[in-house]
Amino acid sequence: MKKLKLSKTGFLLLITIVMFAVMYIAGMIIFNDKGFAKPQMFLNLFISNAGLIVIACGLTIVMITGGIDISVGSVTALVCMSAADVMENKGMSAGFALCLSLIIGLAFGIVQGYLVTYLKIQPFIITLAGMFFGRGLTAVISTEMISIKNKTFLAWANEKMYMPFGYTNRHGVLIHAYIYPTVVIALVVVVLIQIMLKFTKFGRALYALGGNEQSAVMMGLNVKSTKMKAYVLDGFLAGLGGFLFCLNSCAGFVEQAKGLEMDAISAAVIGGTLLSGGVGTVVGTLFGVLIKGTIQSLITTQGTLSSWWVRIVLSIMLCFFIVLQAIIGGAGLRNKAKEKVKGLAKATT
Amino acid sequence: MKKKVLSLLLTAAMAMGIMAGCGSATSGGDTKSSSKSASSDEAKSDDGGSGSLTIGFSQVGAESDWRTANTESMKSTFSTDNGYTLIFDDAQQKQENQITAIRNFIQQDVDYIVLAPVTESGWDTVLQEAKDAGIPVIIVDRMVKVSDDSLFTAWVGSDFKAEGNKACEWLKQYADAKGIKQSDINIVDIQGTIGASAQIGRTEGLNEAVKANGWNLVAQQTGEFTQAKGQEVMESILKQNDNINVVYCENDNEAFGAIDALEAAGKKVGGDIANGEVMVMSFDSTNAGLTDVKDGKITLDTECNPLHGPRVEEIIKKLEAGEDVDHLQYVDEAMFANDDTVKSVEATNSNNEKTTYDVTVVTDDVISGRAY
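Chains as they are written, first to last, in the working numbering: chain A, 1 to 349; chain B, 1 to 372.
These aren't lab readings, by the way, just hints derived from the structure by calculation. These numbers were taken from a predicted model, which means no experiment stands behind them. For every residue, glycine included, the Cβ atom is placed at its ideal position computed from N, Cα and C. A portion of the hints provided could be inaccurate.
Stated by the list, open to error - To give an idea of the interface, some chain A residues facing chain B are shown, with a C-beta separation under 10 Å as derived from the structure:
| hint | residue |
| --- | --- |
| 1 | Phe36 |
| 2 | Ile47 |
| 3 | Asn49 |
| 4 | Ala84 |
| 5 | Lys120 |
| 6 | Gln122 |
| 7 | Gly136 |
| 8 | Leu137 |
| 9 | Met145 |
| 10 | Ser147 |
| 11 | Ser249 |
| 12 | Glu255 |
| 13 | Lys258 |
| 14 | Gln302 |
| 15 | Trp308 |
Start from the sequences, fold in the hints, and give me the full structure.
Structure (structure tokens):
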């Protein structure tokens, strides 16, 4: 009995992975002549979305607690702008810019987490305020675009890590497939958070809290501190993800990362995270991001479809996954969360 | 228990069904593209390999008529009939989308990448990737700021400075022809969005002319390229100054707003400065702008040409023939006036070359020939 129930979260994850694989392989077959089968095309999914992967991981954590954070897009813009500003106009080092980015993320996490946890304000409203605040502050720093020319920063951004494989292009040049360090960081974050969620007490407490806050309190969990930590971690990851985003775009600009929060939320949902909390994995979220990237890639490769189709296909996917969750999720998944609470109670006694 | 297993199976089947749907949708798109590539292969063999080039074009979006005209120009130039395969990507105003699209073009091994950048900066990494892959990049419209200019092959766009110079030179000659003293010209500058290259060039041109000709620059304020802001700015300037006789608007939308404000304040808009009319000068030359020129509301409209396609094609043809191309290339831009008081002006462009520009008098034919 238990085995079957466990496989339900696993099942959602499996669907996501299978969907990704089917889409990608279909793309490889259909667009083989357009280079879709090249290894670099696959790695580009990670390169272009490294920042989003990290941000979506943070969002998954708060979504598991049953919360939400829609400020991440603005935090990203603020991080990019601040980093660009301190490096280009204040003459600071790239290391300082990185620290500043993480501090900005943490600050957002702490303030929003405090308001949500201790003043019991709806996370949607708080993070909506955070979203406006972040975007506004970005514009205050500069309404003009700041291009980053800092040598260390550009060295980080352009440091290609070559893979042992590649392909030979028409001009006869063997091009090794490559990734940027941002990809490694993003994947390390995914692995670490997944381990944390699955194997630490804090991780299990997150699920318990999201599954049923009342019973989590009754089980003697420190719900407030857990929730607070979730938002702080989310803020930190938004800061880090923002910096990775900045390494990809090499510029600070007010209009940057608009709507990124929605991409992150949809990635988490497609990856099997329930908006009501208690269920979700960051591995699923990673695949959610990859699915979004694949759709984008397929439509760009096709070349004649309007790129707005990305949104349309994504919306269909979202609906599909929500319906799927409703069908197989429902009572079963919530039971599982309750069971976790029980398990935790056993563990603590 | 059995029910649960069954429901799982059902959902799996549903998932497969949906995916199959997706698959067939994409494959539907593919049959089109594969048949296209097949036909372009034929074209290739027909004219001995010189035809069929694949061009990847990443466009900013579709935010204005100007932009749409720009896109259409590219699409019609690089059509299948002309022996090209155009891969078009609309970035929806997002730089990150453009970066992703360029990476995609590189993997598709396109022959040329054409980029109309959303932003001026942030292109070093991805353009380096294109360069490493040996794909020439042609930038259109906005300029990019990169550490190494060899990252792109050529840039095609408007010479905003020359636009400003031309318009001011026209005003000077117009005043001379009408017997108005240069020092009697009281000019208001409604600037574009501060920092936009169009604003910088057009304002610079005016500022230099003000100094050189001894005009009075009464006020200089931004109208952010919008009609509403143009009107608002004009209203507030009119409250403080009554001696204005020339309004220099940095795009057509601002001019429409300024005209509304002037008319609401009881001023007569037109070219007859000597008899108390207020002259409106504008840039862009959209269809609506030219209509106002014909009606005499705007006296001079300097063109900002969105039709970059032919010029880009010219560059690509030269590159294919192994010739060198100029790194910076300006598109030809005309001037449209209400009357023929001034028939042509001589002005310097950004390359410091003196060129003679003809002034076209707007007729119904000119307006109907303007799609945007």
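Now the hints, each set against the structure:
{"no.": "1", "hint": "Phe36", "result": "holds, 7 Å"}
{"no.": "2", "hint": "Ile47", "result": "holds, 7 Å"}
{"no.": "3", "hint": "Asn49", "result": "holds, 8 Å"}
{"no.": "4", "hint": "Ala84", "result": "holds, 9 Å"}
{"no.": "5", "hint": "Lys120", "result": "violated, 36 Å"}
{"no.": "6", "hint": "Gln122", "result": "violated, 29 Å"}
{"no.": "7", "hint": "Gly136", "result": "violated, 18 Å"}
{"no.": "8", "hint": "Leu137", "result": "violated, 19 Å"}
{"no.": "9", "hint": "Met145", "result": "holds, 5 Å"}
{"no.": "10", "hint": "Ser147", "result": "holds, 3 Å"}
{"no.": "11", "hint": "Ser249", "result": "holds, 5 Å"}
{"no.": "12", "hint": "Glu255", "result": "holds, 7 Å"}
{"no.": "13", "hint": "Lys258", "result": "holds, 7 Å"}
{"no.": "14", "hint": "Gln302", "result": "holds, 5 Å"}
{"no.": "15", "hint": "Trp308", "result": "holds, 7 Å"}
In summary, the numbered hints that this structure violates are 5, 6, 7, 8.
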